[in-house]
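Q: Using the sequences and the hints given, assemble the complete structure.
Single-letter residue listing:
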Amino acid sequence: MLIRYAAMRLVQLVPMVLVVTMVVFFVMMIVPGDPVMVMLGAVDGAQISQEVYDAMRMRLGLDQPLIVQYVNWLWNMLQGDLGSSITYRTPALEVILHRLVPTMYLMVGGIIMAVIIAVPAGVLAAIHNNTKWDNLATGFVIVGISVPTFWLALVTILIFAVYLGWLPSIGYTPPQKDFVDFLRHLALPLTVVALNIAATVLRFQRQDFLEQMHQDYVRTARAKGLSERVVLWKHVLRNSLITTLTVVGLQMAYLSGLITIVETVFNYPGIGYLLLNSIHTRDFVVVQGVVLFMVFLVIVVNLLVDILYAVLDPRIRYQ
Amino acid sequence: MKARVIDDSSIFGRLAWRSLSVTRTIIAFARRDRRAMVGGILLILYILVALVGPSIAPYDSNSPELAVRMQAPSWAHWLGTDRIGRDVLTRIIAGSQISLQVAAGAVVMALILGAPLGALGSYLGGVVDSLVQRVMDAIMAFPSLVLALALVALAGPSVIMLWFAIAFSSIPRYARLVRSGVLTQKEREYVYAARAMGQSSMRILVRQILPNIMAPIAVQLTLDFARAISVEAALSYLGLGLSVPYISWGTMIRDAQDFLEVAPWLAIFPGLALVGVILAFTLVGDALRDLMDPRMRRSLNTPGQRIGIGHADHPGALGS
Numbered sequence: 001m002l003i004r005y006a007a008m009r010l011v012q013l014v015p016m017v018l019v020v021t022m023v024v025f026f027v028m029m030i031v032p033g034d035p036v037m038v039m040l041g042a043v044d045g046a047q048i049s050q051e052v053y054d055a056m057r058m059r060l061g062l063d064q065p066l067i068v069q070y071v072n073w074l075w076n077m078l079q080g081d082l083g084s085s086i087t088y089r090t091p092a093l094e095v096i097l098h099r100l101v102p103t104m105y106l107m108v109g110g111i112i113m114a115v116i117i118a119v120p121a122g123v124l125a126a127i128h129n130n131t132k133w134d135n136l137a138t139g140f141v142i143v144g145i146s147v148p149t150f151w152l153a154l155v156t157i158l159i160f161a162v163y164l165g166w167l168p169s170i171g172y173t174p175p176q177k178d179f180v181d182f183l184r185h186l187a188l189p190l191t192v193v194a195l196n197i198a199a200t201v202l203r204f205q206r207q208d209f210l211e212q213m214h215q216d217y218v219r220t221a222r223a224k225g226l227s228e229r230v231v232l233w234k235h236v237l238r239n240s241l242i243t244t245l246t247v248v249g250l251q252m253a254y255l256s257g258l259i260t261i262v263e264t265v266f267n268y269p270g271i272g273y274l275l276l277n278s279i280h281t282r283d284f285v286v287v288q289g290v291v292l293f294m295v296f297l298v299i300v301v302n303l304l305v306d307i308l309y310a311v312l313d314p315r316i317r318y319q
Numbered sequence: 001m002k003a004r005v006i007d008d009s010s011i012f013g014r015l016a017w018r019s020l021s022v023t024r025t026i027i028a029f030a031r032r033d034r035r036a037m038v039g040g041i042l043l044i045l046y047i048l049v050a051l052v053g054p055s056i057a058p059y060d061s062n063s064p065e066l067a068v069r070m071q072a073p074s075w076a077h078w079l080g081t082d083r084i085g086r087d088v089l090t091r092i093i094a095g096s097q098i099s100l101q102v103a104a105g106a107v108v109m110a111l112i113l114g115a116p117l118g119a120l121g122s123y124l125g126g127v128v129d130s131l132v133q134r135v136m137d138a139i140m141a142f143p144s145l146v147l148a149l150a151l152v153a154l155a156g157p158s159v160i161m162l163w164f165a166i167a168f169s170s171i172p173r174y175a176r177l178v179r180s181g182v183l184t185q186k187e188r189e190y191v192y193a194a195r196a197m198g199q200s201s202m203r204i205l206v207r208q209i210l211p212n213i214m215a216p217i218a219v220q221l222t223l224d225f226a227r228a229i230s231v232e233a234a235l236s237y238l239g240l241g242l243s244v245p246y247i248s249w250g251t252m253i254r255d256a257q258d259f260l261e262v263a264p265w266l267a268i269f270p271g272l273a274l275v276g277v278i279l280a281f282t283l284v285g286d287a288l289r290d291l292m293d294p295r296m297r298r299s300l301n302t303p304g305q306r307i308g309i310g311h312a313d314h315p316g317a318l319g320s
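First to last, the sequence lines map onto chains W and S. Under my numbering, the first residue of the first sequence is numbered 1, with each subsequent residue one higher. Under my numbering, the first residue of the second sequence is numbered 1, with each subsequent residue one higher.
Just so you know, these hints were derived from the structure itself, not from any lab. The beta-carbon is built from N, C-alpha and C at its ideal position, and this holds for glycine as well. Misleading hints may appear alongside valid ones.
[To be verified] Estimated spans, in silico, between C-beta atoms of each pair:
(1) W:Val101 / S:Glu261: 51 to 59 Å
(2) W:Asp178 / S:Val128: 57 to 65 Å
(3) S:Arg207 / W:Ser227: 57 to 65 Å
(4) S:Leu291 / W:Asn72: 27 to 35 Å
(5) S:Ile26 / W:Ile159: 35 to 43 Å
(6) S:Val262 / W:Gly61: 47 to 55 Å
(7) S:Ile112 / W:Asp54: 41 to 49 Å
[What the hints assert, rightly or not] Which bits of chain S does chain W cover? Going by a derived footprint, with three or more residues having C-beta under 8 Å, they are:
(8) 198-205
(9) 231-237
(10) 269-280
A: See below:
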């Protein structure tokens, strides 16, 4: 049943993948300038004979109808052929994969840290509803939503690197080289990502916990004589974790924007930093590659969340 | 000030009376909800600053004055001066205009593009509806800041491109709001009545249904305003916003980054200005949501009286 559900979800993703890739394809078409001339390296009005021009045009497949171009392009993408980077002179996929590991530390670490902060805090805020703890949590959420990430990142640099001098302000060290230095470089960017995600998770964790506390099953559990601790931390939390999972899943699209900003502020060599650098060097093959890569990441994580959802809550499989 | 008796029979009198009652409603709302009070006051302040600020600012926002470079906050320059001697306060005031203008344009554009799509889908149903829905799902899955980056990077920053880039990811929210709104309203008696009177579908949609679904749309507009301001600032910070002579808070912070150690005020004050305006819209939006839709009364300050409803709002609303 679970496998059938997973397969069904996978099939449902097809239209989404089509639309999303179409968006990327057409967005890339608005690159100013003639791609044929760009590929020929003839930027400043250099004279190119008509034969050479047509040959390149044909090689790029630009003489084909748009829909054929799209299908060819999609086919190449699905095979992992994202084209070659203009600045690095290597396949774009290689460039991206090379930068992926630092980004994964930031993403996975950020989510874990956010959940560790937000879930207990959300539960406590819900249990002690309308007390000063709740107000504190609510204040944290409002501030977390209202403070722009890049500015928060700068403020943490200002405090912890410039004034206190505890941590390096920018850069990255691979963990296999010097683990302590790796952690020191990771600390600030990771905290900024985690706080940002935590604000959202906390908000929804608290709301959902409040909702769950008024459900019938809670009354039943209490009526059975279970202790309040078991009722709240076992029954209610388990049910509201499904919401947490959804929220975390939905954060993925947001997260890729977030890491782009955070990596840029901290000169942290992940795919977000790569994206921005490629935009500034006008290496559009890499830009397209990173955008597609991020989109697929979002889709895959959401699929996983859907499946995990069905594992946690058997009712979903039968709908 | 002289008190004047409002002559209810004249049109002007009635208008005055009506705006008075609107004002009263707003004041009552602000009194009841602390968030609305704080947010509302902040908001009025920002709008006033954007409207009249630049004309009363003491310095010129763009002309350098090399004699007073990099000065810390003082009586002459309350918030200090930047690396070529421009007054930070003056530039923050000037920046409020771009921030609010770009955000307003983006929010309106999202509404104009999204609402008809939602109305179309719900009115026609069938294939059109599910097609629109699928496209909207896909846009929701898109990393919106990343897409905005790509759009602006490729097409070059212009005001209209910025509007579109920021609006794009909000389109599904309006399409969905309008779609579900129309679906619930179109079986109501007043719609049947209007149809019986021979009104056209278009007229019913715009004149009858639309006013009835404005409340959730207004809430969404307010919350999106906060998001749009934050995305504009982020794009500018990343070097993809409007360039000179436009002044954006994001660009100011970007320029300040190199002088973090020697002139931290250059980064701190524009950032505080940003936080304030985003906070204002978020607070007002949250309070409005609670006010307008009691079912959603599960927001920050009010404990929800829970009847299991779905997750009507989700964190996509929060940002990029």
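Q: When you take the CB atoms of aspartate 178 of chain W and valine 128 of chain S, is the distance between them in 57 to 65 Å?
A: 59 Å, holds
Q: Range first: 57 to 65 Å. Now tell me if the beta carbons of arginine 207 of chain S and serine 227 of chain W are that far apart.
A: 59 Å, holds
Q: Do at least three Cβ atoms from the region 269-280 of chain S come closer than 8 Å to Cβ atoms of chain W?
A: This one holds; 5 residues, not fewer than the three required, reach chain W with a Cβ under 8 Å.
Q: Taking the CB of isoleucine 26 of chain S and the CB of isoleucine 159 of chain W, does the distance hold inside 35 to 43 Å?
A: 39 Å, holds
Q: Could you check the hint for me, namely that leucine 291 of chain S and asparagine 72 of chain W are 27 to 35 Å apart, CB to CB?
A: Cβ of leucine 291 of chain S to Cβ of asparagine 72 of chain W: about 53 Å, so the range 27 to 35 Å is violated.
Q: Quick check: does the Cβ-Cβ distance between isoleucine 112 of chain S and aspartate 54 of chain W fall within 41 to 49 Å?
A: 42 Å, holds
Q: Counting residues of the region 231-237 of chain S with a beta carbon closer than 8 Å to any beta carbon of chain W, are there 3 or more?
A: holds (count 3)
Q: Measuring from beta carbon to beta carbon, are valine 262 of chain S and glycine 61 of chain W in 47 to 55 Å?
A: 53 Å, holds
Q: I want to verify a distance hint. Is the separation of the beta carbons of valine 101 of chain W and glutamate 261 of chain S within 51 to 59 Å?
A: Once the Cβ atoms are compared, 31 Å apart, the range 51 to 59 Å for glutamate 261 of chain S and valine 101 of chain W is violated.
Q: At a Cβ distance under 8 Å, does chain W reach at least three residues of the region 198-205 of chain S?
A: With 0 residues in contact (Cβ-Cβ under 8 Å with chain W), the coverage given for the region 198-205 of chain S is violated.
Hint compliance for this structure: hints 1, 4 and 8 are broken, all remaining hints hold.
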